[in-house]
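Starting from the structure of chain V, add chains U, Y and H with the ligands where the hints point.
There are 4 protein chains.
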Amino acid sequence: MDFNIIRVARVTMNVTDLHAAKDFYVNALGFIETESTSEYMALRGLEEHVHHSLLLRKAEKPGVHALGYKVWDESELEKLEHFFQIKGARTLWLEKGTQPGVGRALRAVDVSGIPVEFFAEMDSAERCLQKYDLYRGARVQRIDHVNCMVPDVEGAVTFYTEQLGFRVSEYTATEEDRTWAAWLHRKPTVHDVAFMNGEGPRLHHVGFWLSDPMSLIHCCDVMASMGYADHIERGPGRHGLSNAFFLYVRDPDGNRIELYNGDYLTSDPDFKPVKWSINDPRRQTFWGHKAPESWFNEAAAFLDIETGIEVALKQPLLAQRKPDFVT
Amino acid sequence: MDFNIIRVARVTMNVTDLHAAKDFYVNALGFIETESTSEYMALRGLEEHVHHSLLLRKAEKPGVHALGYKVWDESELEKLEHFFQIKGARTLWLEKGTQPGVGRALRAVDVSGIPVEFFAEMDSAERCLQKYDLYRGARVQRIDHVNCMVPDVEGAVTFYTEQLGFRVSEYTATEEDRTWAAWLHRKPTVHDVAFMNGEGPRLHHVGFWLSDPMSLIHCCDVMASMGYADHIERGPGRHGLSNAFFLYVRDPDGNRIELYNGDYLTSDPDFKPVKWSINDPRRQTFWGHKAPESWFNEAAAFLDIETGIEVALKQPLLAQRKPDFVT
Amino acid sequence: MDFNIIRVARVTMNVTDLHAAKDFYVNALGFIETESTSEYMALRGLEEHVHHSLLLRKAEKPGVHALGYKVWDESELEKLEHFFQIKGARTLWLEKGTQPGVGRALRAVDVSGIPVEFFAEMDSAERCLQKYDLYRGARVQRIDHVNCMVPDVEGAVTFYTEQLGFRVSEYTATEEDRTWAAWLHRKPTVHDVAFMNGEGPRLHHVGFWLSDPMSLIHCCDVMASMGYADHIERGPGRHGLSNAFFLYVRDPDGNRIELYNGDYLTSDPDFKPVKWSINDPRRQTFWGHKAPESWFNEAAAFLDIETGIEVALKQPLLAQRKPDFVT
Amino acid sequence: MDFNIIRVARVTMNVTDLHAAKDFYVNALGFIETESTSEYMALRGLEEHVHHSLLLRKAEKPGVHALGYKVWDESELEKLEHFFQIKGARTLWLEKGTQPGVGRALRAVDVSGIPVEFFAEMDSAERCLQKYDLYRGARVQRIDHVNCMVPDVEGAVTFYTEQLGFRVSEYTATEEDRTWAAWLHRKPTVHDVAFMNGEGPRLHHVGFWLSDPMSLIHCCDVMASMGYADHIERGPGRHGLSNAFFLYVRDPDGNRIELYNGDYLTSDPDFKPVKWSINDPRRQTFWGHKAPESWFNEAAAFLDIETGIEVALKQPLLAQRKPDFVT
Ligand SMILES: [Ca+2]
Ligand SMILES: [Fe+2]
Ligand SMILES: [Fe+2]
Ligand SMILES: [Fe+2]
Ligand SMILES: [Fe+2]
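Residue numbers (the UniProt record's numbering), protein chains in the order written: chain V, 1 to 327; chain U, 1 to 327; chain Y, 1 to 327; chain H, 1 to 327.
Just chain V, with the same shape it has in the complex:
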């Protein structure tokens, strides 16, 4: 099959306090608030011309509803429903109007148990790219990728590449040449989604793209000025893998956001995936820094597409090491 999936385009997840979330995402990170109610807040980056890339839902506890991919047009949705049904995967239609700003959407459970979502239509919104007087904090430009811990990375990679048409840009191999982690893309950047070996499925982080390295440094300063210093979990640093200049921050509910800049164009079909040995010290942090324990161990639960209950976790197939390869 051949699905025309454009890119990862939105994430829907819970926060327990929308006011606290607004201060963090809008004032400290620099998202634009498209729309807010007592139930949710829709956020977009400065260059995004659509309703949102991050939808925060008010809830009792954190949890991730779905990772959303934009497809070329509505006809792709039917093809995807058919595909998931053949695979025996559960699916669910969310008709237009069910979600703020989003057209008809297909939810499905992927091979790792992750709730994914496909949609073709989203309301447009003013692009604020050239409203520089609105730039704040990290000046978040757009959603770039999601990163998930899954028990079976090789199974996930096969599913996304052979079935859904993703391509691998970089990967980490164990000494036995097993794929320990992989970065997969539809749009020609290093990734739309990454998988790494670990207890899962869990969402490790959502990555947003920044226009330049100094915006990341400024974000650290702004966060510290606002009292969010202890929400800076890791970085700034450079990943060997992907070459990204990165910063990992935690929102008031512990959801992890990566601020990200510095990867490269992966458009060419003959681009050979970059292989990293799990023992290469520069893979994870080019500059040699260690990541804190929280970064290795903590990740967010996914919620079942029908019941909303947390998806059960499985232990990873490969022996656990510090998954120090995430970007």
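Wrong hints could be hidden among the right ones.
Just so you know, same-sequence chains aren't split out, so a pair can sit in one copy or run between any two.
[Claimed, not checked] In silico EDC-like links for lysine to aspartate or glutamate, alpha-carbon gap of 20 Å or less:
| # | residue 1 | residue 2 |
| --- | --- | --- |
| 1 | Lys272 | Asp123 |
| 2 | Lys58 | Glu176 |
| 3 | Lys22 | Asp133 |
| 4 | Lys22 | Asp152 |
| 5 | Lys61 | Asp251 |
| 6 | Lys272 | Glu74 |
| 7 | Lys290 | Asp230 |
If you're looking for bench data, these hints aren't it; they were derived computationally from the structure.
Leaving out everything else, chains U, Y and H with the ligands in the frame of chain V:
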């Protein structure tokens, strides 16, 4: 028809002195030299994993041989030959080995008289993205786009969008709503190629992508230190159109190179092209600066794909104004 | 004599509309507003721990009241009064409370007819250096220097160096080895004050120091976003002289402000002043750009310390050329 | 007494391998090599107009010969000799020609047992500030400060402020209001020298000033590219104290160098020293990061001015805590 063209990927043009060119492109701008002979020099950007994106040929006088587009695979070349023949356009095969580092290539004359080239294969080369100790000058990362002056912009846009599958990201319209200039892309950036109303066909410039704004500022300083201050023609500045942070420089033969950073993702099929009025002062230079006369008037001749003689120029269809919309 | 003058520390000048000035200085340039009334607005930079470095007074028309220098302590003021009286220069005491935030001040007319002011005491104010969430626009850090057009540069230099204890860091010499312009300092930067040959005395600009080059680029973007593109007069660029990365902007009344970053330490007594030939093209603009006519011709009137009437202008001693050496 | 000390201006210390040192300091950090022999290497920053600010001597093992301060003129040296002799401190004259590039110098032992040196004259050298094509790595501009661990901080502060005329810009106080660490300056930056409570006297690091934050980020990338990732000890980060954007690196012999940018002007006599509580988490690292153990525990030995033997260490007066206040 439906061609799988990936991106603009290489330009072949003349210089009169390869030593002078090397000092300019390698020492001042920061290109990596893949290979040089007495006849040519092949240059690539720091993130490029292929033989070259700029091939400079030693010749008596300047001139542009072809604008080269990478396609998905060899089968696209046959389809493109067929298409151009149906259109009555001349084509020419350059078998593998004819050009340094490049596989079999199809040359053809586009609707504006521009020599274009399609190829699927290029030798690989070491990607120097993480060899930061090699970074010099502007730290050129990769080819981004070409910009051409043509007599009939609307004809060119129709040809590239309806026949070759390009999409328009931004355009400038006259008071009579004629398309004065347009930016077209295959890869999801603002452009692979731009056309603007003017005596042509001529190549206005080749644009290369930089990783960050400070590299552009540093390049100005390095150029001035090396005695190339009078080779800085325009900028640094911000284009309203495309949002690019730009610098235009002229090589020792007058070939114009744009150093470019700051555009945005154009992957979505429902992205609406941005329309600029020709009278909007922020379109050309967001900060309000004027461009010098040379920038409006000077451009490089294309060479016939068979004879190598300069392609004859035609006057533009639309009344001439300062084409102050180029990015 | 030996005066302990610390640095240029404040400028008092007129604007015709305090609301328009606030939008420009606070929202676009990023000054902190210490205090405002219907009569004046006191502004300081982010790192300044004192009441203001720029005092804008509401008036019918523009005009500059005084260039203010901070001295070590009150005893210097008496010494300076004595000195100016011996020189036959007019002086005027402004007792504490006369000016907002400033202690007792001595006004005097310098050798060029410029109203200068000396004071030892200013109210303290919160330093906002680490309130990064307040950073806006150019993120102005502190006052750096003033630049004046005077008819007799050599006379001014002699007065400031031999009488007031300033030192020359850089200067421009004509072909006949006359001093065409000079940069003088008390604090160990390139200058607190510069003089250049021209009809005068007039204030050419007040320079404020920025912490980094990207703040200057961001200021251009913010100004353009806010509709101030036509208030960007010159730059961004690099001065050969002083090595400053500069931007010249005009406030709503035409007062010229320089945003400035990149000079060097001049603390050493054996530092030899850098001499530039008036014919060296890199002196003015290291990158080779030309400055606009307005920048050469327009400057602000000084006001008499007693009458408040504009100080009469004199023609320059040296034949007029474009004073393309200002930083 | 009243000594006209200009600034900290040079450090002389040992390395065991001059070739290894050259690769590190010149190629990775971007120092300019003024002169090298088999015995020593003299290094200067890009803006320095003098022979060196760092003199590396070939030796069997590391060790610091002296921290060198530039004084106004030769007459200060005699005054200083007299002062130290009155204090009962040992002194030693190094006549002109004894040290490369340096005029007559007075060595003395300060109150903490640190070998200090005073000199008025140094050979001039070409300033490379505007030779941007020579910029490499961190693009080190100039020496900024030295930082020492001493057993009695309050004694050191009294000696430097009351006897030598330094001023305190910032300091850390314990809960009992004892001075735990202090930053002292002669030139109007945050410091020329800092003292912190610890086993000593030892040299913790030498700080060099960079022109902008991006040079520091680039240095991390260059160091990693060259295989020096494990020589990056701490940072990049922001100190609350001094506001510096910092990076600590270790040379091949373990000597610690700080790359530093972002402090502020301290020229005003009424500037009130900034007091930090030892319990304020933002004091040390504004962004909340922890420093590694090595950074707390390791520092370099000073060598006796006469015997060259390592100066004996004393335990600190104040109870040891992690000295997490160093900048
Ligand atoms: Ca920067
Ligand atoms: Fe990531
Ligand atoms: Fe362009
Ligand atoms: Fe200036
Ligand atoms: Fe330090």
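Exercise. Up to 20 Å between alpha-carbons, please classify lysine 61 paired with aspartate 251: within, between, both or neither.
Key: within (13 Å within a copy, 49 Å between copies)
Practice problem: Using 20 Å as the alpha carbon limit, work out where lysine 22 and aspartate 152 are close: within a copy, between copies, both or neither. | Solution: neither (35 Å within a copy, 48 Å between copies)
Quiz item: Is the C-alpha distance from lysine 58 to glutamate 176 at most 20 Å within one copy, between copies, in both cases, or in neither?
Solution: For lysine 58 and glutamate 176, neither the intra-copy (44 Å) nor the inter-copy (46 Å) Cα distance is at most 20 Å.
Quiz item: Under a CA distance limit of 20 Å, which applies to lysine 272 and aspartate 123: within one copy, between copies, both, or neither?
Solution: Between copies, since 12 Å is at most 20 Å while 37 Å is not.
Exercise. Indicate which option fits the pair lysine 272, glutamate 74 if close means a Cα-Cα distance not exceeding 20 Å: within, between, both or neither.
Key: Between. Shortest inter-copy distance 18 Å satisfies the 20 Å Cα cut-off; intra-copy 32 Å does not.
Quiz item: Checking lysine 290 and aspartate 230: alpha-carbon separation at most 20 Å within a copy, between copies, both or neither?
Solution: Result: close both inside a copy and across copies, 17 Å intra and 11 Å inter.
Exercise. Up to 20 Å between alpha-carbons, please classify lysine 22 paired with aspartate 133: within, between, both or neither.
Key: Both ways: lysine 22 and aspartate 133 sit 19 Å apart in one copy and 15 Å across, limit 20 Å.
Checked against the numbered hints given earlier, the structure breaks hints 2 and 4 and satisfies all the rest.
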